[in-house]
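When you get a sec, could you build the whole thing from the sequences and use the hints?
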Amino acid sequence: MTEKHIDEISGVSTTGHEWDGIRELDNPMPRWWLWTFYATVLWAIGYTVAYPAWPLLTSATKGVLDYSSRGEVKQELAAASAAQEKYIAAIKAKSVDEIEADGSLRDFATAAGAATFRVNCVQCHGSGAQGSPGFPNLNDDEWLWGGSADQIYKTVTHGIRFADDADTRTSEMPAFAEMLSAVQIGDVSAYVASLSGSVSDPAKVEPGAKIYADNCAACHGANAKGNRELGAPDLTDAIWLYGSGERAIAQQVRAPKNGVMPAWGARLGDVKVKELAVYVHSLGGGE
Amino acid sequence: MLDVGEVERLEAEAVNSAKIRQPLYAARKKIFPKRASGQFRRFKWIVMAITLGIYYLTPWLRWDRGPYAPDQAVLVDLANRRFYFFFIEIWPQEFFFVAGLLVMAGIGLFLITSTVGRAWCGYTCPQTVWVDLFLVVERAIEGDRNARIKLDGAPWSVSKMVKRVTKHTVWLLIAVATGGAWIFYFADAPTLLGEVLTGQAAAVAYMTIAVLTATTYIFGGLMREQVCTYMCPWPRIQAAMLDENSLTVTYNDWRGEPRSRHAKKAAAAGESVGDCVDCNACVAVCPMGIDIRDGQQLECITCALCIDACDSVMDKIGRERGLIAYATLNDYNANMALATGDGAHAIEPALVRQPGGRLVEKVAQFHLGKIFRPRTFIYTAVWALIGLAMLYALLTRERLQLNVLHDRNPQFVVLSDGAIRNGYTVKLLNMIPEPRTIRITLVGLQGGAMSAVGAEQMEGETLAVDVEPDRLKSLKIYVRQPRDRVQPGGTTFRFVARDAAGTETASYDANFIAPEASR
Ligand code: SF4
Ligand code: SF4
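Top to bottom, those sequences are chains C and W. All residue numbers for the first sequence refer to my numbering, where the first residue is 8 and numbers rise by one. All residue numbers for the second sequence refer to my numbering, where the first residue is 6 and numbers rise by one.
Think of the hints as simulated: they come from the structure by calculation, not from any bench. Hints should not be assumed to be uniformly reliable.
As the list claims (entries may be wrong) - Calculated lysine to any residue pairs in the SDA-like style (CA-CA distance at most 25 Å, straight line):
1) W:Lys481 / C:Lys232
2) W:Lys34 / C:Val19
3) C:Lys161 / W:Gly459
4) C:Lys101 / W:Gly459
5) W:Lys478 / C:Leu112
6) C:Lys232 / W:Pro487
7) W:Lys481 / C:Gly153
8) W:Lys35 / C:Phe44
9) C:Lys232 / W:Gly423
10) W:Lys481 / C:Ser139
11) W:Lys481 / W:Val409
12) W:Lys321 / W:Val12
13) W:Lys481 / C:Leu112
14) W:Lys481 / C:Ser102
15) W:Lys432 / C:Leu112
16) W:Lys478 / C:Gln91
17) W:Lys481 / C:Phe44
18) W:Lys35 / C:Ala46
Here the structure is a predicted model, which is why all the values come from computation and not from measurement.
Dropping the structure here:
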């Protein structure tokens, strides 16, 4: 149905189609447009030769440039680790305190430690290192085994009560259920709770103080301020690893939980552990 | 004064005329624009000198900003993400200034187009300016229109070869200089020039030069009018921008028709003759290859060279200038009505022309008052409003900024003495090219105390931070509030940053989050 039709006004032939009296002019394409089109076709063919393109049965043609996006990632990663090398070497050579004293090295170690923390530590300590009952909050200023960068480094390297590491930090709170009566446990719990300002029954606190002096002061100290040599917590402050309040305290006296932290030194290597220590120390509660 | 019949008739044909049928893919018909001379050509030379001068020289202007910032007056510093324009320095977050300028440029283009048509196309568009420049080279080497047509048709010979090679070499040199000038806007020009010449500049610099050399050479030398006709959207938009009071290059057929090459004879025979002697001068000079006598056309960039060409013909034969002229559609229609007796008959030149050749009084002429119409007022008002708003924003903008992000996890930390601690990432923006000491204080947090991670030291209640010139400093700041002052659920307070010199302050309202119930 495409009969030749010439538009009167412009003198140009139309496509021959008509829609409600409207026709479309069939102006010629400029030749450069055609060349450009051919050029894109040539480019496309060249592209499929140079780059992976044509599907085969189990894979695709590799392309003469031997390009792959995986290879590119590999190169980028290699470049990134090459750029990190001088920092890694410096971290290897320096102590944690020295690392912290060097501004840019500290920034690098903090960022690297944060990444390692997110992979290995958040399962117990939480994504913000905020902890949960039984797993200490690393943001606060209560440190069972010491909160200096160096102490943190030792704790992370050797772990706590971790059987496979000879240098691990150990202590064990005995289960007093066998040594004290239920009433005595209630009394001493009331006494301990009262140390951090909670209001307890004075009738229990007084005998509790004596039971404390006889049984607990050896580790937690006469003033109940704890003892870092033994990992014995301060009982006068606002932070309670296994829960606050008389009930939780009584529970811990009766049948204590003694949490375990793995030793990371052998698993992550010294550099990563140093980075972790710098990161944890930066969380605000470090000493 | 020449007689009408003595005006040289040029063999010229409008190659882009719609009357010529073309095949499916049409090769470009070569256009050999003749050199024009006259007031518009002169004006175009001046505009060309100014625009090219601005383009090539701007990167070499210096502007002293002190030791901590580049001394190049106009610089787009991509690596450090800064834009320098004389006394103005723009950070990426202030890009709205650039966006505002673009909006102003757009509205400015509307304003110009609605008053004087496609003046942008005809005088200042880079495509027009560079094509003009390339044509100057072409004319200097190959001669004017007739010589070029002859050369083009001549068989290949040594002299043709020499001319062609010379022409394309000069074109390529101009193209390299064009591409080369562009990169100087993005780095210190003298340094970069040295690096480029010694082969030490970054690969991207050479790539940019290569790409812009190619586009300049192809668009300016080879494609020329095809860029305007086929590739540029503006010819399509212009119809929406023009109205009956816009000035456009117009062939005034109400006085030109009936055109005649033998006006004398025709007049003697008692036929009416118009002013157009059909010499084709207007077609020969047209860089777009059109015949303005066919009426307003998409291709016409209103370069006004046909006005110059026709005016000199009118001068020669002693007629009034302006057979081709800038005219508004209203004036044109009024004059047309005059010449045709309101359309009652064909154009009768005697109705608009006195026997001596002067035009009659009644002929409508353009006067400046027509520029002032509601449309141009609105464009001008909007344009000026945006400009003033930006100026106000520029003069009152802060050069010291403070941003505070509260730690998300944990939101607060209980310390051993029962105090509550919140952590913040504090960002200080020192937006001037001088090092500054900024003092941060807390306002409105009872018993609140700060500490910072890193080298920063507290000086009593304030934290003194040294910020590098023109940089952002990110700090980790901890704020603690003693147990007896903590309000359950938290409270709001304010970080205040003050320039040590005391001239500038910035503040940020932050939340201090605490546990809901007292423990
Ligand atoms: S018709 Fe006249 S104004 Fe339009 S492009 Fe050609 S010479 Fe320039
Ligand atoms: S409009 Fe002017 S320049 Fe064009 S053909 Fe007529 S007289 Fe010649």
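So, going through the hints one by one against the coordinates:
no.	hint	verdict
1	W:Lys481 / C:Lys232	violated, 30 Å
2	W:Lys34 / C:Val19	holds, 17 Å
3	C:Lys161 / W:Gly459	holds, 22 Å
4	C:Lys101 / W:Gly459	holds, 18 Å
5	W:Lys478 / C:Leu112	holds, 17 Å
6	C:Lys232 / W:Pro487	holds, 20 Å
7	W:Lys481 / C:Gly153	holds, 23 Å
8	W:Lys35 / C:Phe44	holds, 22 Å
9	C:Lys232 / W:Gly423	holds, 15 Å
10	W:Lys481 / C:Ser139	holds, 24 Å
11	W:Lys481 / W:Val409	holds, 10 Å
12	W:Lys321 / W:Val12	holds, 8 Å
13	W:Lys481 / C:Leu112	holds, 16 Å
14	W:Lys481 / C:Ser102	holds, 23 Å
15	W:Lys432 / C:Leu112	holds, 20 Å
16	W:Lys478 / C:Gln91	holds, 22 Å
17	W:Lys481 / C:Phe44	violated, 57 Å
18	W:Lys35 / C:Ala46	holds, 22 Å
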